[in-house]
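2 protein chains.
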Amino acid sequence: MPYERVAVIGGGLIGASLALALGTRRLAGRLVVVDPDPAARAALAERRAADAIVPAPDDAVFAADLVVIAAPVSAIAPAAASLLPRLGPGATLMDVGSVKAPIVAAVAPRVPPGVAFVPAHPLVGGERAGPAAAAADLFAGHVCVLTPPAPGDGDGPTFRRAADLWRALDMTVEIMTPAAHDSALARTSHAPHLVAFALMAALGRGGDGLARYAAGAMRDMTRVAAAPGPLWRDIFFANRAAVVEAAEEVLAEIRRLLDQVAAGDDRLLAELTRLAARRRALADRPGWAAR
Amino acid sequence: MPYERVAVIGGGLIGASLALALGTRRLAGRLVVVDPDPAARAALAERRAADAIVPAPDDAVFAADLVVIAAPVSAIAPAAASLLPRLGPGATLMDVGSVKAPIVAAVAPRVPPGVAFVPAHPLVGGERAGPAAAAADLFAGHVCVLTPPAPGDGDGPTFRRAADLWRALDMTVEIMTPAAHDSALARTSHAPHLVAFALMAALGRGGDGLARYAAGAMRDMTRVAAAPGPLWRDIFFANRAAVVEAAEEVLAEIRRLLDQVAAGDDRLLAELTRLAARRRALADRPGWAAR
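Chains A and B supply the protein sequences, listed in that same order. Under my numbering, the first residue of the first sequence is numbered 149, with each subsequent residue one higher. Under my numbering, the first residue of the second sequence is numbered 149, with each subsequent residue one higher.
Because the hints were derived from the structure by calculation, they are not lab data. Cβ coordinates follow ideal geometry from the N, Cα and C atoms, glycine included. Possibly wrong hints are sitting among the right ones.
Pair ranges (Cβ atoms, derived) [as the list claims (entries may be wrong)]:
| no. | chain 1 | residue 1 | chain 2 | residue 2 | range |
| --- | --- | --- | --- | --- | --- |
| 1 | A | D432 | B | A229 | 38 to 46 Å |
| 2 | A | V202 | B | T421 | 23 to 31 Å |
| 3 | A | A283 | B | P305 | 47 to 55 Å |
| 4 | A | G289 | B | G352 | 20 to 28 Å |
| 5 | A | A280 | B | A229 | 36 to 44 Å |
| 6 | B | A411 | A | A298 | 28 to 36 Å |
| 7 | A | R174 | B | R315 | 24 to 32 Å |
| 8 | A | V202 | B | G278 | 50 to 58 Å |
Here are some chain A residues the structure puts well away from chain B; computed CB gaps all over 10 Å [what the hints assert, rightly or not]:
| no. | residue |
| --- | --- |
| 9 | P186 |
| 10 | A284 |
| 11 | V343 |
One-sided excerpt, in silico: chain B residues whose CB lies under 8 Å from chain A [unchecked claim]:
| no. | residue |
| --- | --- |
| 12 | V259 |
| 13 | T370 |
| 14 | L405 |
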């Protein structure tokens, strides 16, 4: 049993999926999920997501040996601040936020002696939200990034134990610094999400009738723009500098290709062919196959 | 039987799928597919896509009452120019190119008396290519746009007969001017494709390791960037002015949202929430459901 007593703070898509995954694989001795929203608690209860489902942290949470904060990015540091003073020696606090450096900066200095802090980011999600969309197999086949607050933290038994938990959910675990994580994810996720929202905004400029002519490309390129606004406002703001840098790169690449289109520059063909070959190579990855 | 003798010029994804769809539903008395590529002909033969599969237009093609040119955009006008003088009275020439105004401008003046020209664009496709990826149900549930060369052409029996053929494949038929089609498709398809290629280019700036952290959003947003380079070079160049205009709108929308991110402008939340609601409303369309 990797952890005897696990508490998950937040029963949204990630928290509820984690609870279901731990329960299905019997990876937690006793599991409690905390969510202040009665509708979320009802959905969690209906899915039998945990041994206990409570509206606020209670003694079972404070006695847990693993507490996972699965809250929106802006809520993680406040939740950690209120939980940390009450956790016992040997406890591990983990968060699963999509931005790491600001969370690590806010939380790490508050971690008391004897308590470990493991910042984590399982690279899963999508446009769905809430416990009704949760799935025990949400994590399988994907990457989970751990970002140790200090260099060397990642080598210790606490991080190894946390990494083993994610590996038990069939994830590949990677160790990165918080800043490297935020820079990489700005490029691979956050800026692309901003582009997806912008594509919806541009489509809206064409009037209501235009969407009628939107087919598979637009459907797939805007899928994640259906995600909750507050969640993405949080991520964009928390990772502001890296998102701006990554989005500027996307803008520059669109501009570069568009200039070739406008000029009828036939180097465009070699560019498109090279990019298509790279995309097809990525399709060989698990989960990336053409559908 | 909508047409007695049908010839499809080009056995790629669209041409082969059309042949399979017509054959499966017995919508053509006799069906011939023309493709100069021996490998394509072998794939078409293996899939039993037509009654005859030939390397070049022959008497069966010239005697057809419906000839469909399913070639890359840059090859359509040359193919039409060589076919038109040899088609008999009562024949209909159709093309299925993704750009309409330049094709109509090049082909319509060459259409001899007694022959009809029906420019069509079934809004289907994707990143797959070639007859091996063809499917008889490729068209079902999607829109097919017909762009009459002259106002009023769309009201005649020739266009009604062509429209009925696409409807028999479970498509919704829309009549638009060639220019309106090209402007709409630049926004709903061509500019988004350019963005997909640009996202691949931006990902490449980050080095080979970065793709490891690309999850579902990048997968779906770059899916169509795996499409053949020559096909998209053709479309971008043929629809240059409209693609530039549409891509400038996307650039402006990315810039607008990015400025709000950079400034920490909390109007961003209302924007994202509004755009997400619009995207979720689109998800109610057939084929657009969240996956």
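Status of each hint after checking the structure:
1. A:D432 with B:A229: 38 to 46 Å: holds, 41 Å
2. A:V202 with B:T421: 23 to 31 Å: holds, 29 Å
3. A:A283 with B:P305: 47 to 55 Å: holds, 53 Å
4. A:G289 with B:G352: 20 to 28 Å: 24 Å Cβ-Cβ, so the 20 to 28 Å window holds.
5. A:A280 with B:A229: 36 to 44 Å: Violated: the Cβ-Cβ distance is about 58 Å, outside 36 to 44 Å.
6. B:A411 with A:A298: 28 to 36 Å: Distance hint for B:A411, A:A298 holds at roughly 32 Å.
7. A:R174 with B:R315: 24 to 32 Å: The hinted range 24 to 32 Å is violated for A:R174 and B:R315, with Cβ atoms some 55 Å apart.
8. A:V202 with B:G278: 50 to 58 Å: holds, 57 Å
9. P186: holds, 23 Å
10. A284: Non-interface label on A:A284 holds, nearest chain B Cβ at 17 Å vs cutoff 10 Å.
11. V343: violated, 6 Å
12. V259: violated, 26 Å
13. T370: holds, 5 Å
14. L405: holds, 6 Å
Checked against the numbered hints above, the structure violates hints 5, 7, 11, 12; every other hint is satisfied.
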